[in-house]
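Residue numbers (the working numbering), protein chains in the order written: chain A, 34 to 438; chain B, -7 to 94; chain C, 77 to 245.
Mixed in with the good hints, there may be bad ones.
To be verified - Derived DEER-like restraints, expressed as beta-carbon distance ranges:
#1 C/L178 / A/L51: 46 to 52 Å
#2 C/L152 / A/H74: 41 to 47 Å
#3 A/S408 / C/G236: 18 to 24 Å
#4 A/L364 / C/F216: 51 to 57 Å
Honestly, the hints are just simulated from the structure, not real lab data.
Here the structure is a predicted model, which means the values were calculated and not measured.
For every residue, glycine included, the Cβ atom is placed at its ideal position computed from N, Cα and C.
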Amino acid sequence: MEFISQHPVLVAAVVKVLILLFIVMTALAYLSYAERKLIAHIQSRWGPYNVGAHGLLQPLADGIKFLFKEDVTPPASDRFIYTMAPFLALALGMSTIALIPFGPPSVRFPNGEEAFSVADLNLGLLFVFAITSLGVYGVALAGWSSNSKYSLLGSLRSSAQMVSYEVSLTISVVGVVLLAGTLNFNDLIQSQHGYWLHFIPRWNCFPQIVGFLCYFVAAIAETNRVPFDLPEGETEIVAGFHTEYSSFKFAMFFMAEYANMITVSCLATILFLGGWLSPLPDRWTWQIYLPGAGLLILAAYCAWDTVAEMRGIARLQFAVVTLIAGGAGLLCLIPAVAETIKGPFWFTTKILAILFFYIWMRATLPRFRYDQLMSFGWKLLLPVSLANLVITAAFIVFWPLLRHP
Amino acid sequence: MSAVPISYYLVLSAILFGLGVVAVVFKRNIITIFMSIELMLNAVNLAFVAFARAHNQLDGLVFVFFVIVVAAAEAAVGLAIVIMLAQNRESLNVERVNLLKL
Amino acid sequence: MSIPVILFFLCALVAVAGAVLLILAREPIHSALALVLVMSTLAILYLLLGAPFIAAVQVIVYAGAVMVLFVFVIMLLNAGSEERTNISRLAKPIGLPLGFVLLLAFAYFLWRSPVGGAIANGTGSSNDAADTVKLSEMLFRQYLFPFEATSILILIAILGALVLARKES
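Bound conformation, chain A alone (with noise of 0.2 Å):
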């Protein structure tokens, strides 16, 4: 216990840093189940539903898959890079959520530690563009330790798509930086505080909507996703950099891009969509109660699926769920609690739209083959991203009325 009382940051950082992991572990499962589901619903068919209720323990089926299933290993590989490469992919793809604030700075620990962010550093975006640039190893060296045409091929395709498209995925972000003045999450966020015309919340995505649609756009072409999937489109080119791998190391590159969709999901939230800002005004007071009702609502759905239902053992976990959602909802209409998770509630669904958006378009778009691809990266993205900073730096000097105050 004195452990405790003598070194309460490093306790209160490891205590953030488990939970984090834990939620991360779980949305990262969820989200693959989302996916199919959403894909599923795009198409007109279901998706996972037999599994659990509503197929919600189909990721928890495809772990035990994944664990049980036999890991092969091809003969002539680098066996130590071929080992380290997911587990570098996963590593850096899980660390940037560290450096994320997920709710307002003024939520503390009864010892004065922030509750919402791990690490808030003053250069925290800088920091998240360091560890998402070393994001390449992984994808190279997958692609050489496998030993095999198709994979060495397609990482290199991947890893030179990831470092272009970073150049512009930096640079429109750039433009939001010169707008806040600083390059800490929070004060980005706060300085996207209040409202024009009393309605429109004064985020980012209204005065640089080139730089968020620039920064969207390389943001697909970084975390590998349709429509610049083509390193790891499986009619183009088997699988790509992953194709060698198998079982437990081959979830992990599938979690790695997940990690990735979640962490540039998270940036742009706090840059352009206003974080944990909430964009109803302030004075509509019984908005904290949104979170509660929401989950309420769920709670009433799975109550009339568990009354429509006709097996006994769906009927069960339908039950279990509506009982989960119903507590959880309780729960939040308490006023204290509501309060404090009004910040992650808001931030958690802008995070949900992005990945919606993302998901949307993979169910829709084609894909673009490399030379699209590399040609669009650099000869459109590029320039558009460096006019947009020029345009916002002119008008910051040029109009003192958009200096931060």
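Chains B and C: place on chain A using the hints.
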């Protein structure tokens, strides 16, 4: 709370520089020699940042910035030359590059 | 033994181990990864020295772009193991100890330098932003000419690399 004296950083920088020199002299692969040169540049960067801290000035950091940028430019051109050499000589061994004309 | 001292020795150990791995590795790709390890540990040491901006620039530019270029070239050229060539047998037993003597000489003279007594502790994050602002002001005011000259240098490097690596058509 005792902190680390600057001389420790300088000694580490010297050790890394020395190891870089040994690597440049003893390795035969062109790319590895190139990487050892980058190691030497990194050691020098560490010395610059340590001195900037010791004198509490930011000029050392500006110099580190320029060293990193120039090293990047040099790596780009150097690796282009290495690619040409590898295509012409079919080998990455630096001792095979012993004719005046490629 | 406080946390900065432990962290310094840990990072110093890993950096020296990375440099030794660079020398001893048989495949160039392992040397490249060892160098990335050295650069990352140096970034942590820059953080300990109170220069977070330079640490981030080191990781973004050096470890995240220059070394990726090295790894690309190694993968493209399919660089294999080090070859055995016929240098004289005497080179290693004489050369390596002399190399280490050189290393120790460097270390000794830097240890004896006048700033040796100064203490470095990792500064708190209170004035990071102000330091970055001051650094950028210096970059664009006092050192404007080197800045612009470096940008022209990078342009020349890009052109040079393009011309050199182009296939003869």
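Here's how the hints hold up against the structure:
Checked against the hint of 46 to 52 Å, the pair C/L178 and A/L51 passes, with Cβ atoms roughly 48 Å apart. Take C/L152 and A/H74: their Cβ atoms lie about 44 Å apart, and the range 41 to 47 Å holds. Checked against the given bound of 18 to 24 Å, the beta carbons of A/S408 and C/G236, roughly 22 Å apart, stay inside it. Under the hint 51 to 57 Å, the C-beta atoms of A/L364 and C/F216, about 53 Å apart, fit the expected range.
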